[in-house]
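Peer 1: These protein sequence lines are chains H, A, Y and C, in that order.
Just so you know, numbering that gives the first Met the number 0 puts 48 at position 49 of the first sequence, and the rest follows in order with no gaps.
Just so you know, numbering that gives the first Met the number 0 puts 164 at position 165 of the second sequence, and the rest follows in order with no gaps.
Just so you know, numbering that gives the first Met the number 0 puts 4 at position 5 of the third sequence, and the rest follows in order with no gaps.
Just so you know, numbering that gives the first Met the number 0 puts 194 at position 195 of the fourth sequence, and the rest follows in order with no gaps.
Source of the hints: derived by calculation from the structure; they are not laboratory data.
Be careful, since some hints might not be right.
Identical copies go unnamed one by one, so any copy, or any two together, can satisfy a pair.
Lysine-lysine pairs mimicking DSS-like chemistry, simulated, CA-CA at most 25 Å apart [as the list claims (entries may be wrong)]: (1) Lys303 with Lys117; (2) Lys62 with Lys74; (3) Lys74 with Lys243; (4) Lys5 with Lys258; (5) Lys62 with Lys243; (6) Lys258 with Lys62; (7) Lys243 with Lys69.
Quick caveat: nothing in here was measured; it's all calculated off a predicted structure.
Protein chains: 4
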Amino acid sequence: MIVIMKPTAQPEQIESLKKELEGLGLQIHFSQGMNTTLMGLVGDTTRIDIGKIASMDIVEEVKRIQEPYKKANRKFHPADTVIKVGEATIGGGGFAVIAGPCSVETPEQICAVAQAVKASGASLLRGGAFKPRTSPYSFQGLRGEGIQLLLEAKKQTGLPIVTEIMSYEDIDLFEDVDVIQIGARNMQNFELLKRVGRLNKPILLKRGLSSTIEEFLMSAEYIMAEGNEQVILCERGIRTFETKTRNTLDLSAVPLLKKLSHLPVIIDPSHATGIPWMVEPLTLAAIAAGADGVMIEVHNDPPKALCDGAQSLRPEQFDALMTKVKKTTAFFQTL
Amino acid sequence: MIVIMKPTAQPEQIESLKKELEGLGLQIHFSQGMNTTLMGLVGDTTRIDIGKIASMDIVEEVKRIQEPYKKANRKFHPADTVIKVGEATIGGGGFAVIAGPCSVETPEQICAVAQAVKASGASLLRGGAFKPRTSPYSFQGLRGEGIQLLLEAKKQTGLPIVTEIMSYEDIDLFEDVDVIQIGARNMQNFELLKRVGRLNKPILLKRGLSSTIEEFLMSAEYIMAEGNEQVILCERGIRTFETKTRNTLDLSAVPLLKKLSHLPVIIDPSHATGIPWMVEPLTLAAIAAGADGVMIEVHNDPPKALCDGAQSLRPEQFDALMTKVKKTTAFFQTL
Amino acid sequence: MIVIMKPTAQPEQIESLKKELEGLGLQIHFSQGMNTTLMGLVGDTTRIDIGKIASMDIVEEVKRIQEPYKKANRKFHPADTVIKVGEATIGGGGFAVIAGPCSVETPEQICAVAQAVKASGASLLRGGAFKPRTSPYSFQGLRGEGIQLLLEAKKQTGLPIVTEIMSYEDIDLFEDVDVIQIGARNMQNFELLKRVGRLNKPILLKRGLSSTIEEFLMSAEYIMAEGNEQVILCERGIRTFETKTRNTLDLSAVPLLKKLSHLPVIIDPSHATGIPWMVEPLTLAAIAAGADGVMIEVHNDPPKALCDGAQSLRPEQFDALMTKVKKTTAFFQTL
Amino acid sequence: MIVIMKPTAQPEQIESLKKELEGLGLQIHFSQGMNTTLMGLVGDTTRIDIGKIASMDIVEEVKRIQEPYKKANRKFHPADTVIKVGEATIGGGGFAVIAGPCSVETPEQICAVAQAVKASGASLLRGGAFKPRTSPYSFQGLRGEGIQLLLEAKKQTGLPIVTEIMSYEDIDLFEDVDVIQIGARNMQNFELLKRVGRLNKPILLKRGLSSTIEEFLMSAEYIMAEGNEQVILCERGIRTFETKTRNTLDLSAVPLLKKLSHLPVIIDPSHATGIPWMVEPLTLAAIAAGADGVMIEVHNDPPKALCDGAQSLRPEQFDALMTKVKKTTAFFQTL
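Isolated chain H (complex conformation) (with noise of 0.2 Å):
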């Protein structure tokens, strides 16, 4: 970290200021400019408040050379994170995929689609119980019921299952599910990120619509800092300005990621475009920048849908789908 000074700040405040940080067990180096001078600090940073030093009269301003975070930064961790679910493997050089329908609807439903699936190819079964929806007037999901019909569908298909949790108040229903995802909106839910922080279970987060690549791998670090640390980071479009899709696919946020930590990624093409069609180009271009997997909705019968049908492919469109998906896979993993 730089903090460099005002060239008003007095050399008796300066000295006031380098013991008040000796005092936290950092080391202080002076650079001394014609009218600028800087202070470099060495040791651990990820404590030290920026605003707090910022905020001093004598301060012109901090920058921060090292990363906020550390559990989850490939710096500390070389090695890729591979979270293993059942006999689903995300991370690690291969290429996962979660597919379901938006929201769990019946019992026949969520069958028919996740034995659909599991037939195409598909390593875990996604599906809505709680359902984060813009007006309160929309379906909001079976809930307690709809994870139910989820392990209802993991006992026919032996698919681990990957749902959405919005309150840590409903967190004895997760007990048997086997990824519990924090979805976009609720991605600085802080407390909510602590809870499941000391879970012994993977988490799928989702990164927030308007959040930055640290940010998010901020979020991260508020699960693994409580101990969890089977993280998987999901990118799943972020708001501009464009409105012919809902949102805009961050596909450079894969090999960012992936350089920046050793945690699994993948995206989510349905929620980025919000456009069926698009799924396919964006899952191969996935495969092709180094995702770790994609998470695809896929409805038996779209117009049907509670939620997010016109968003969802049908099961012939994801086998095809799935067809390309093992040949790109293992074309780029001899290229």
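Here the structure of chain H is known, so what remains is to put chains A, Y and C in place on it, guided by the hints.
Peer 2: Relative to the frame of chain H, chains A, Y and C by itself:
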């Protein structure tokens, strides 16, 4: 709501969709173009799921005409909502000033600030007990103890208190809090919105960093739909590409929200800009634009603040600002 | 400027970079941390190419401390720039109102509007002759003929005129124009900026839709570096995710630009919002925030306007607004 | 186009609007709701000014159904446009690689890079002679001399050349240039678009930093409307809140543009990210997403580059990438 059919839609398909929509209690009116059929839906369309209709093979596009919010809508509630908290009033023509430190730190700090802002004319005291911080390694607030200190400051000054809740599990601690704040990062934490919607206590709802005006009003609607109609809307800066200010204050949101809704609208220039000298021009601008109040960070010793000190005013700066606020408010009431 | 070296940088490589930078007339100061070497560069760094240094193998990062603009910088020119155009003055404490139609259409239209806005107290007349339109099929302006009509309106009313240039090839037509406008879409048309920088005529420079404050000032610097220091900065809304207003007016840009630069700063609420009833609250807010003026669209018959009629005020609406503008300006001059 | 009337619109006012629209050659169809009248406009609505109709007192809102572009629209031109330049082909199923330095600097530099990229398999040579730089104090390019050097490199290698024009006044210098580039900052420099629209030479049009897909296609339409239908669309990153990459590559724009338009679509990963190691994953992702080509910065000595060296690949890095590009292109052609 208007449903635009694809040119390939067959008459029997259109007829079938018409029947389904009529089953939801809507009246359907057709407009037959040369190669397009339009369906106009008349009735209460707030419960219609646009995505579901849009996903049908025969549908080209669906366009909503009416706003999807009702309780927050000025069309159905023309008079301003006025919220009374102790002796303070928010909405209905005055200009309420909420002031206090970012975080509650010590009994001395919160009481000193409370007395200072009261003396200058603030009508409510703010202070963070539960603090949403990007980093798990930053100060997270005094939590329950912080609320106790706020209540002590309230006892000493008579100022009603505003403080943020981050998880409904902590609700018991908020029993004597006057106004509960929902922070920007929780604006779409729908479970929390529903819960505070069942309280009989004003809720100060902050706009999310990348939330549209419509989403903001829908989150207010979540609270109101549960029965709690005492919602204060707070614009606190949106996320844009600009980096010189922390966020970009969307001041045009003030007249727009007041046109669309009857709820009181305040701004938070401290968080919007992160720059203390910008609080004054933007507060005066907010009065000119018709805001119902402002929320300002004040700290007795900004460089020692445990959080966001850099953006806080000192009590004497706040006092100078309040002199201008009073004159400006009086001026605009007679303009 | 601070250059942060990689831990792997060898002493002879660092020495070689030091020599190169000293060759550019800079003084170099070192700060040796435990595992990082920092180089502080003192001197005129405006001509240093950050990207070039950042691309060196031995460099981790380069951070600029000083602003990259000089002529537009208030640090080197503390007094406000005041621009006089005929009897109008922009900057230096007053509040100039520029008003007129989006497009010049007919002699009757422009003269009627000119007389009306003059009678209400506008000090300059605006009107588009060359019109930047998203579609090639939309009305492109009367071009040379439009300028003739503006000059006729000027003759009738004495109001100096402001109109936009889109290509330097048309410069001869602008000989008698008082203030030349560079539109938002041309804010980084650097060849055009250089050309108008050689004129002896005020330039009204609009901020680009997604330009940062710093880029905006750098574009002013392009004009000023060629010798023309009469630049008026105009904030006209930036592009964000919000869709209820055409753009998002960044009102905080007003105090920020006035702090960073000595140039006058005005706003254009008509283009920023696209909504006529929002012009009044935002104009009053701009006065409160310290703006030097405003540019407002006025049309004698908005529904018949050939361009952007939807956002124009009618003369009687403009007149009512001007009454408030005068009172508000007077109020803030004594606050 | 659908015109939604206000509930207060009187029959004679509606009738009068109907007549006016019929006068423009449109057919009007009415839909009478309970309290809303809708007017459907059938015919060529590209020349209708939405803003003008929206500004009428009796109109609530106007919604466009058809795309406002025609010549660029795949609906009216289903077959891919294929552009041939010398022996290179862009569009129609192949994958064209345009490579070269950001700026042309010396004869040795441009010829060395040209020979290297040709040897690796590039089919066109890029190089900036006129350089759009944020700062007037940065290197502005060799201008006319730079074009001469490009032509010399073309003579030596046979590679057709692509270079940017910044002002039409310089057009004579571009006589022997094969493809003229319009940069992102000039995407809505409409006068320049019209001028290059009268040339018989391919135009490489870069997407503006904050331009929507629709605006991008409308700028292509400006060129095509003048007669030049050889337009290559280039996605080069949009401006968002993210700061880790220079811009955010909108890869979803590739399949979207190819669906909406018949024009070839390429990406520029060098400018989009500003990070050389990200060029490879994003180039491979672009092939997977269906792009027609890529434009990559290559410099023989990046740290010595006068512009954007930080984002350039070295020839050996480019060569390694081209090996993967050829295999990947071949793979996807058979997928």
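Peer 1: Among all the numbered hints in the text so far, which are the ones the structure does not match?
Peer 2: none
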